[in-house]
Structures are given as structure tokens and as C-alpha cells.
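Undergrad: Letter by letter, the chains look like this.
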Amino acid sequence: MALFKRVENAIDASIGRRRLGYIALSLITLYFLWFPNDASQSDYYKTVFISGFFYAIMASSWALLAGIAGQFSFGHMAFMGIGAYVAGLIARDGILVAALGIQVGPDYISAVGAILIGTIVAGLVGLVIGWLLLRLRSAYLALFTIAFSELFRIMMLTEYDYTGGSNGLSLRQLLEIADVGVARQVEYYLMFFLLIVCLLAMYWVANSPIGLFLRAMREDEDAASALGVNVVRYKIAIFVFTSMIVGLAGAIFYSDVGSERIIPEQLEVLQMSLIIAYAVIGGMESLIGAAAGAFICRYMLEAMRKVVIGLPFGMTTADGSTEFVWEPGAWRYALFGVVTVFTLRWMRNGLLYPFITWFSGRDIAMKETVSIRADDEAAPDALEGGSA
Amino acid sequence: MPEINLELNSVSKRFGGNQAVDHVSFSVTKPELIGMIGPNGAGKTTLTNVMSGMLKPSSGTIYLNGRRIDGHPAYDVTRAGLGRTFQITRALGRMTVMENMLVPGLAHNPGTKRSELEKQAQEILDLLTIAHLTREYSRALSGGQRKLLELGRLLMLDPAVIILDEPFAGVHPRLQETIYRYIDRVYQDGKAIILISHDMAAVFELSQRLLVLNHGALIADGAPQAVRKDPAVIEAYLGEDEDD
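Sequence order for the protein chains is H and L. First residue of the first sequence: 1, per our numbering; consecutive thereafter. First residue of the second sequence: 1, per our numbering; consecutive thereafter.
Isolated chain H (complex conformation) (with noise of 0.2 Å):
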């Protein structure tokens, strides 16, 4: 402890954590530029790092959506879905709009064009189901999207003549490149930059004028309405916002990009639940904390799949094995969810956030409040305080 305290201090009187921790964050970004670049690692990391970006970007919208804005949503999955399928739908069958006289047929709309309708499409819901939700709070916020998103899920999986069901729904190729090598890193490279314009998008949000009134509005809507926030207003755009972040990524990440199909079972309550249990752990209310739980808790969940671990000393097994090899199936679920118990109990603000915190700098200004409170206490004349 005397030991950490005195590396503590002289980073301090040094270079300073927050520096260090633009150090850090820097290194890290490099490691994931340089990743598919290494011959060692094999397609299957590659895909499992795109899918860990995918995850990234839906739990760390999540976060700005429930953690900084207090809109305990489970409709997330049910916004990404919308982007996908309507970029898929629109890209096979073109739209017709009969009322307006408009009709584009499928030829004429790339796979980008049908993206970005997607996106648009799944905003306009996040308008609709941010107004609906204007008058709902905390538990009736939750039943009402999970019906939603129970509602969606059902559409996309009766209506399989248009669908297709269980089976799921292709989407347009985005990325047309004919060896499989190349096209892995470029798909890696597209979805670890749109990870991180949604996060620097994200960021500017919440460090915003427009952050203080999300959070302002999270811990009292009538007290900030009061304060001269228009709660109405934010409250919707956050939906439209988060909804249009979440359907960009599934219109991409489906579009032959992480995976090859869109199916109903991704929009199921459980998988919403992991999205939330991905935030919970990284730490709810921190956006670099829930992306970071997401890529994390992804990339475990399958290096677990098969865990091999060198037995020492000329140590061997019953079969006479040097390695013990450990495959623990679903119960690498029940370990995750160990960890989320753990971290809901003692951690509340995730298990990330003692890092973020003291990177950040943030403990070094609740410690000198806390010595001026002392100090108050000596000297009762500076402040009174009334019933606590």
C-alpha cells in the first residue's frame, strides 16, 4: 500500500494521471489499429474483436441512454434491430411509398443508401417510443419497452414471407472484396472506427450543456423542469439519438460486416439483458467504462469456450495430459453472471471505474472536499448544518 501510494505520488508530481491516462488510452487504440496487422492472430479473434466493437457501441449507447439520462430502456436491441431489418428490406425490395407516389426499386439503392434509411428509420422510432414514454418512469419505463421490444421481435418472426423468419434476413454486402483475408481487417477497421466516432458522438453529448440536463433529469425530471429544463425535448432526443447510434451499428454489423444475417433471437430479452449486464459491469454511468465492459465480457465469453492451462513442474493429468483443458459450456454464462451479482452488490459503479476515477483525477477532488469538510467540522462557525 505505502508502496502504491509513493508510485501515486510521483506520477502526480510528474507527468500527472490524466495524461497518463490519455498515455494509456492512446496505447491501447494503437494495440487495436496494430491487432489484425498481426500474422499470429488467427480470423477468429479478428471476428471476435468486430464483435466486441459491435457490443461496445450498443452498451456504451445504453449507457448514455439509462446510466447519464436515467431512461432505463430494454428496447436497445429492439432500435438496433429496426436499422438492420429496414436497411435489409429497403436494399432487397426498394421502397414504395403509394401515398406519396414514390417508388425506388432496389437497384437503385446501395447498400450505404439502405444503411443510412435504416438509421433514419430506427430514430423515427426512438421520436415515437420517446414521446409514448414521456410519462413513464423508472419500472413502467422498462415493462413498456420490453413489450416493445417483445412486440418487434414477434413482427420480425411471424412475417417471415418478408423477414424470413427464424431464419433471419441478409442484408446488402456493404464491403464487396473478393479475398476473405482483406476484407476480415477491413470489416475489423470499419467497426473499430465506428466505435469510436459513436464515442467521441457520445462524448460531446454528455460533456455538454446538453450531459448536465440528461443527468439533471436521471435524478429528479420535476426538480429540472423546474430548474428551466426542457424535459420533454431531451428526454425524446436522447431516444432519437441513442435509437439512430444503435441502428447505424446493426444496419452495419448485419451487413455482412460481423455477421451474415440478422435474426430474431439477437432482439430477445436476453440479449438485451447482456447488453445491460455488459454496462453494469463496465460501470453504468461512464460511456469509455460500459464500452470497455462490453469488449471485455465478449472477448472472455469466448476464450472461455475451451480454457487450457499448463500444468508445472512436470505435473500431468490422469490421461497423462502436461495441459488441463477446461471447457465449461454454458457455465462460463453463470460465471459472468457471478461477476454482474458481484459488481451490482459491491460495486456498484462498475469494476472499471476505480481506473477511470483515478486516471481521471476525479478521487484527488472528492479527497480535498472531503479535508475542507473536515476542517469544517473543527470550525463549527463556517458552516451549520441542519438535519442531515
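Hints in this document: simulated from the structure, not taken from any laboratory. You may find that some hints are simply not true.
As the list claims (entries may be wrong) - Quick list of the computed label-pair ranges, beta carbon to beta carbon:
(1) L:Pro73 x H:Asn207: 48 to 54 Å
(2) H:Arg18 x L:Lys119: 21 to 27 Å
(3) L:Pro73 x H:Ser42: 41 to 47 Å
(4) L:His23 x H:Ala201: 47 to 53 Å
(5) L:Gly66 x H:Phe193: 51 to 57 Å
(6) L:Arg114 x H:Ile102: 41 to 47 Å
(7) H:Lys5 x L:Arg181: 39 to 45 Å
(8) L:Asn9 x H:Val104: 39 to 45 Å
(9) L:Ser25 x H:Leu134: 29 to 35 Å
(10) L:Arg68 x H:Val128: 51 to 57 Å
(11) H:Arg18 x L:Gly41: 53 to 59 Å
(12) L:Arg94 x H:Gly320: 54 to 60 Å
No experiment lies behind these values; they were computed from the predicted model shown. Note that beta-carbon positions come from the ideal geometry of N, C-alpha and C, so glycine has one too.
Here the structure of chain H is known, so what remains is to put chain L in place on it, guided by the hints.
TA: Below, chain L without anything else, positioned relative to chain H:
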């Protein structure tokens, strides 16, 4: 000095069969310290909620500086120039004291630089003796400190009319002095204050005018000394003075 012209015309609020506010009319046209008193359930908080846009009135109209505000959402009423505190303090718990101050600052002055608002907030917190708690989460404050924070947030809005709902309830006597100073400063700045309190000593000491509610109806509106002798008020709320 902000313009003040608050006008309530026969405002009523009914919850099912319960007439919580019954055709209340009064106006405020100058900087004034107005006490609003009445027994529990008289409709003081309901009337405050109606005036501040938290509730829509069942009937009647409210105008603030020529603009009709009844039925408008709370944020709109606040921006129009009517600010309020809550009977049970509603500090934004997982936000720092400074962030609590910046919310109304940025909502009311969207184009203003954050550093300017922080400076203004710091001055207000200084006046309220809680400037050293700027970076503390407001959930960590005591009840009295939260009351002060609520009062501070109001000053960031610079409203023409301020409704203080039970500002002295559960507050340490020495901290009450800070609230007295605050009320005096706000009044000197040319604002009208409507003070709702069960602390009769404070109400009679501070108020230049008293409004008395009973069963939702306004039963008296006048100078404190006149209201004190009003038989309807004595019967409904104050009771007989032992010295008389």
C-alpha cells in the same frame, strides 16, 4: 430591476371530489415579501405547484408580466420568471454542488460561457456559506445545506418572483440566519418573494403582506397586523392570542 406583474384570476384545482384550490385571486406588482400561511391541507403547496407549472389548474388564469403561464410546462414558467423551491428539498443528488448550480444557469442562459456561470455560481455559493462544497456531490450535503443549495440555484435563474416553500423547516437556527440574509438580498435586488412557512415568528417578522389559505380558498390578503386580527384567520389558523 426585473418587471413584476403576477396575476392570479380565480385559480382552482380539483382532484376528483377534493377542491384543493378554490378560486384564488391575487396579484403581485412590486418587489414584496409576501407570506403565505394556512393550516395543513389548506392548499399552499398545490397552489405553488399550479403557479409553477407542475400542475395544470382546473380553471382560472395566471399571467406573469403580461404572458399567460397557467397550464404551461414548469420549465416554461421558470423561464418566464417564476422560480420555486420545494417543501422537501430536491437537490440533484449524484451531481456536484457546482453542477446543480450550472443546470439552471445553462438552461436560462444557453449562450453564456460556462466559466462566467461558474464565477456567478461561486459568488452565490459564497453568499450562502457553502462555496467550499462546490465539488461535493449534493447527496453528501446535510438537509440544511441542501436547502441553501436550492436557494442558490434559484438565483442562477434570476426570476422576478420566487416562491420559497418551507425554507426554515428542519433547519439549524444559525443556518436560518443565512436564509434570512438570502431573503433580504433577493428582496433588495427587486424581486417578489412568496414565503410559505409554518414558522409564524419568521413569517410575521419578514412579511410585508400576508395571504391566508383555508380549505383551498384565500380567506385573507393584507398587512400582517390586519390579518392577525382577522376573525376568519383566527378561527381557521392562528387561534386566540393568550395576551389578548
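Undergrad: Hint by hint, which ones does this structure get wrong, listed from lowest number up?
TA: Structure breaks hints 1, 3, 8 and 10.
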